[in-house]
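Student: Protein chains in written order, with the working numbering: chain Y, 4 to 307; chain A, 759 to 1094.
Hints in this document: simulated from the structure, not taken from any laboratory.
Glycine included, C-beta positions come from ideal geometry on N, C-alpha and C.
Footprint (simulated), chain A over chain Y, 3 or more residues, beta carbon under 8 Å:
1. 48-60
2. 90-96
Footprint (simulated), chain Y over chain A, 3 or more residues, beta carbon under 8 Å:
3. 761-774
4. 845-857
5. 866-877
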Amino acid sequence: MTTPAIETTVLTKRYGRTWALRDCSLAVPAGRIAALVGPNGAGKTTLLHLAVGLLDPTSGSVRTLGASPRERADILARVGFVAQDAPLYAGFTVRDTLELGRHLNPTWDEDFAIERMRRHDIDLRQRAGTLSGGQRAQVALTLAVAKRPEVRVLDEPLASLDPLARREFLASLMEATAESDLTVLLSSHLVTDMERICDYLIVLSQSRVQVLGEVDTLLATHRVLTGRRKDRAEVAGAEVISASHTERQSTLFVRSTTSIPDPVWTAHEVSLEDLVLEYLAQPAASMLPGPAADGPRDSMEVRA
Amino acid sequence: MIWLTWRQHRQQALAAAIGLGLVAGFFLVTHPGIANTFNSTGLASCLGTPGRDCGQIADQFDRQYRGLQFLVPLFLVVPLLVGLFWGAPLVARELEQGTHRLVWTQSVTRRRWFSTKLALIACAVVVGAAVFAELVTWWSGIFVRLHDARFTPGIFDIRGIVPVAYALFALALGVLVGTLVRRTLPAMAATLGGFIAVRVLVTLFARPHYVAAKTASTPVVLAKLGGIMVGNDSFAGGWIIKQVTVDRLGNVLSGGQGLDFASLSGRCPGVIPPPPTEPSPAQLAACLDRLGVHTLTTYQPATRFWAFQGIEFAIYAVLALVMFGAAAWVVRRRLA
Chain Y
4 MTTPAIETTV
14 LTKRYGRTWA
24 LRDCSLAVPA
34 GRIAALVGPN
44 GAGKTTLLHL
54 AVGLLDPTSG
64 SVRTLGASPR
74 ERADILARVG
84 FVAQDAPLYA
94 GFTVRDTLEL
104 GRHLNPTWDE
114 DFAIERMRRH
124 DIDLRQRAGT
134 LSGGQRAQVA
144 LTLAVAKRPE
154 VRVLDEPLAS
164 LDPLARREFL
174 ASLMEATAES
184 DLTVLLSSHL
194 VTDMERICDY
204 LIVLSQSRVQ
214 VLGEVDTLLA
224 THRVLTGRRK
234 DRAEVAGAEV
244 ISASHTERQS
254 TLFVRSTTSI
264 PDPVWTAHEV
274 SLEDLVLEYL
284 AQPAASMLPG
294 PAADGPRDSM
304 EVRA
Chain A
759 MIWLTWRQHR
769 QQALAAAIGL
779 GLVAGFFLVT
789 HPGIANTFNS
799 TGLASCLGTP
809 GRDCGQIADQ
819 FDRQYRGLQF
829 LVPLFLVVPL
839 LVGLFWGAPL
849 VARELEQGTH
859 RLVWTQSVTR
869 RRWFSTKLAL
879 IACAVVVGAA
889 VFAELVTWWS
899 GIFVRLHDAR
909 FTPGIFDIRG
919 IVPVAYALFA
929 LALGVLVGTL
939 VRRTLPAMAA
949 TLGGFIAVRV
959 LVTLFARPHY
969 VAAKTASTPV
979 VLAKLGGIMV
989 GNDSFAGGWI
999 IKQVTVDRLG
1009 NVLSGGQGLD
1019 FASLSGRCPG
1029 VIPPPPTEPS
1039 PAQLAACLDR
1049 LGVHTLTTYQ
1059 PATRFWAFQG
1069 IEFAIYAVLA
1079 LVMFGAAAWV
1089 VRRRLA
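So here's chain Y without its partners, still in its complex pose:
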């Protein structure tokens, strides 16, 4: 088993009395593109900042590439981070910004960075403060990618982009990812966009991890069932996460590892967005097991 790219153990961050992140245990396996989704204020940014060493945990631990990322130049060199709103030095030209990357990172691919700027039609002489949101995001991403990191952590990279720029950004991210076996963890509240490129999903809600796992597995094990109205929403072999009823019909959102044999119900596949929204609407519901017995665990399993 290889070391997970990012692994947290009962990770907790508190600001005074406010819990930003609570008992968060998860692992992002190496080589995945993982989406971190959740409503605003769920703790996404806190988790990402902990993962790149910008924050210290209140308790618990976070290990990035097997070590605490805090004040470790060797770990920082292997992690590329783009913060929310892609901060850049406004007075620096794009060339200065790339120079910064070259001077502060031992593994810096200058040709790649220049080529990427050329491809996106970004003038190297332009000041960073005058770039459009899309260009800004591209420059910030280039800075994070040209250092050739094994893990990329991107906080809301799509937020400031219009739909076209968003598609381009995702395409460039995919293409940059395809080149090597690297891990991406990106946060977003736009689940639709995530569905296209991500193969791993983390849902944060109210400072806690609510859903965690491979996208394929999640989609295969969740179903929407419709059928004649039944007030007691119980289905053999499945766990009902939410139920809604009209006068004549019941709609259930269930998790099940097997197919639903009960002919009363018609099963429908769910989209990733539906899945996320159903869970977020039920903060009490969680697909995470309770305190698990000790034993070998794979990267997907979670210690609560």
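We have chain Y; now place chain A onto it with these hints.
Tutor: For chain A alone, kept in the frame of chain Y given last:
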């Protein structure tokens, strides 16, 4: 990091260099005239001859260069500018604009980021402040000699080596306040207040006691119409901290060197005629002698000038180091 520090602060460096250049230019233009007048009026040779009264030439010289002498206290402000415009924004601006998230996630630890930046900027501050202090010391030399003001608070503070320590202190204060307040403008305001407060407190309450002050008792040497001057010139170039005129029993007759008749009348019956008759100088002298009037002066002798410069330098340098350390700790452990 060296490149980044230069790129981020080159404008500030340029502005400081221009400012320093303007001041140097001003000094170079005005100094020859001052020196010329000083020599040609005979003031230089007069001051060089012990015992001569140069009052009249000195007054004339003073009048001519009053405007320039008013500039001298302005140089007190220069170290503060370092704290306001270099120190306070150093970390606060990064936090304000979110760029700390950019620079702290490159392959450089915060410790290295902070120490390299601070070391380079502190070096620039030391060099700049040393050049500035040297220029001011040279240019103001004549005025200071004329007034024997080397030790006077306000003059002591702009010459010698202490301006360098003030500038470092201001830088450290600005940086520390910026890391704590996290916003540039409030940090600048707090730096302004903090710097002035520390400087005033140290000057008023600590500096007089760096070395135990000497006390001298001096008899009346001069009597003038309308009042009596007592004391002598043995404090030349020294720092007079406190002066009182007392009688033989220690009763304070006046705070300072002066003495007015009212305090004497009635105390020398038979020696001084009662008011409104004016006593003659001889009568006054006889009265002062009878009462044992003398001046007690608490002072720091002129020879201690460099010792005081050294002590004051050390105090501010240590304060600066402590604050640099505190700021480094906050940056590494407390900031996100």
